[in-house]
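Novice: Sequence:
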Amino acid sequence: MGLSDTLAARFDVESHGSDVRTELVAGLTTFLAMSYIIVVNPAILSEAVQIEGYGQGEVFQMIAIATILSAAIATAVMALYANRPFGLAPGLGLNAFFAYTVVLGLGIPWQTALAAVFVEGVLFMVLTAVGAREYVIRLFPEPVKRSVGAGIGLFLLFIGLQELQVVVNDEATLVALGNVFANPWAILGVLGLVLTFVLWARNVTGAIILGVVTTAVAGWALTLGGVFARGTVTPESLPSAQYDITPLAGAFVDGLGQIDPLTFVLVVFTFFFVDFFDTAGTLIGVSQFGDFLDDDGDLPDMDKPLMADAVGTTAGAVLGTSTVTTYIESSTGVEEGGRTGLTALVVAALFIASLVVIPVVAAIPAYASFIALIVVGVMMLQGLVEVDWSEPAWAVSAGLTVTVMPFAYSIADGLAAGIVAYPLIKLAIGEGRDVALGQYVIAALLAAYYVLSTAGYIL
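Our numbering puts the first residue of the sequence shown at 1, with every later residue one more than the last.
Derived by calculation from the structure, the hints in this document are not laboratory data.
Beta carbons are placed, not taken as given, at the ideal position from N, Cα and C, and that holds for glycine.
Misleading hints may appear alongside valid ones.
[Said to hold, decoys possible] Below, simulated EDC-like cross-link-like pairs (lysine to aspartate or glutamate); rule was C-alpha separation at most 20 Å, straight line:
| # | residue 1 | residue 2 |
| --- | --- | --- |
| 1 | Lys304 | Asp294 |
| 2 | Lys304 | Asp291 |
| 3 | Lys304 | Asp12 |
[Stated by the list, open to error] The calculated label-pair distances, taken between Cβ atoms and stated as ranges, are:
| # | residue 1 | residue 2 | range |
| --- | --- | --- | --- |
| 4 | Leu177 | Leu256 | 46 to 52 Å |
| 5 | Val168 | Val217 | 25 to 31 Å |
| 6 | Gln382 | Ala448 | 45 to 51 Å |
| 7 | Ala408 | Phe269 | 44 to 50 Å |
| 8 | Val385 | Ala408 | 21 to 27 Å |
| 9 | Asn169 | Leu106 | 35 to 41 Å |
| 10 | Val175 | Val265 | 35 to 41 Å |
| 11 | Val175 | Ala366 | 45 to 51 Å |
Throw the hints in and build the complete structure from the sequences for me.
Specialist: Rendered as structure tokens:
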């Protein structure tokens, strides 16, 4: 039995309607869509993490290594334990909260913030083991489950359009159409997007990979050739990586007990809340896109991918990075046909491989990698056909889930809006008995949380 047959048997690829080649392509696609985190996460966290005797550039490299290792560990657990095609890495938004709110804003030592992430991860492991996380997620209203994929799609689309500067900030209207053709990088990104859509429309295998790589190579060539100004990194311009992360790894131990218990609990709770709903939304949304959900809109054996997420968060805190979570970019690999943990194993292996070629991975320009988000964002809108828009509770709940995600720039906030709206509308139309007691409880707790947090009583 060859390696291909061994992998196919280990991950039960054939029964999932896939094959080894498709899984490999899907894994590469997901990795390319996620690879930006290798640069973005340390760029954010290095603003807050100060290590005596080391410069910011050295700290940046340490966090990059921690980012790669935590992503590889979590994704390998997802592959080997959960057998799902989902990639994991330190989450955007959570890393910004870690750096700018907790450390720089509140003045909490970064070691203590890592300790809070560690505690959050351990709590998630315990709650997952006893089935509590899966129980809560199964209580999500069905219109939320059916619409979350489209909401994530709009979120991806919005992020990608911003990165390509097709959509830009505007003081009067908040957002507006950007001056795309005044920016050579934006022009290249849009051309790459067109190429990717054309390849996808013609059913070319690996269309997203081809679009991203072609755009990146074109950008490098134009920069090195002097046609474009050196406004982005290229493989030749990056310094070599250094791999000693001992000043960072294990630093969370020093953070325990450095602040008062109440503040520490509030930090842990905020990390816990956002990560819980971000992960839930991502798992359901990407699973909907890959047709993994059952007739009730639930993901079978959900506890396994949830455990991979919890293990990743705990390992990430030990290594020295913020909360690890399941990535919405996993939908790019699912679009390419990834259906099993073999896709995730490829992602984990490529993260490990990137330790050797960090400069090359880091040189993939954002305008190229974010092409994948726009393409997949458009594709994920097909989930809207599963919503019964003629039923008021479905329409309001699903509509808020889909729109609040991109507008609030948060999967968790979109989920919360849909969850709170569902029982309210059911009561309004005299169908309150159709709502489970647990759904009322979750809605009430979420409403209370947002009232307190937006009033400034919670971090």
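Novice: Please go over all the hints and tell whether each is borne out by the structure.
Specialist: Against the structure, the hints come out as follows:
Of the supplied pair hints, the one linking Lys304 and Asp294 holds, its CA atoms being roughly 16 Å apart against a limit of 20 Å. A threshold of 20 Å between alpha carbons decides the hint, and for Lys304 with Asp291 the separation of about 18 Å falls inside it, so the pair holds. A hinted pair counts as satisfied when its Cα atoms are at most 20 Å apart, and Lys304 with Asp12 qualifies at roughly 16 Å. A hinted range of 46 to 52 Å holds for the C-beta pair Leu177 and Leu256, which are about 49 Å apart.
Taken as a hint, the range 25 to 31 Å holds for the pair Val168 and Val217, whose Cβ atoms sit roughly 26 Å apart. At roughly 35 Å, the beta carbons of Gln382 and Ala448 sit outside the given window of 45 to 51 Å. For Ala408 paired with Phe269, a C-beta distance near 19 Å fails the hint of 44 to 50 Å. At roughly 24 Å, the beta carbons of Val385 and Ala408 sit within the given window of 21 to 27 Å.
The beta-carbon spacing between Asn169 and Leu106, approximately 27 Å, falls outside the hinted interval of 35 to 41 Å. Evaluation of the 35 to 41 Å hint for Val175 and Val265 yields a pass: the beta carbon distance comes to about 37 Å. Under the hint 45 to 51 Å, the C-beta atoms of Val175 and Ala366, about 18 Å apart, miss the expected range.
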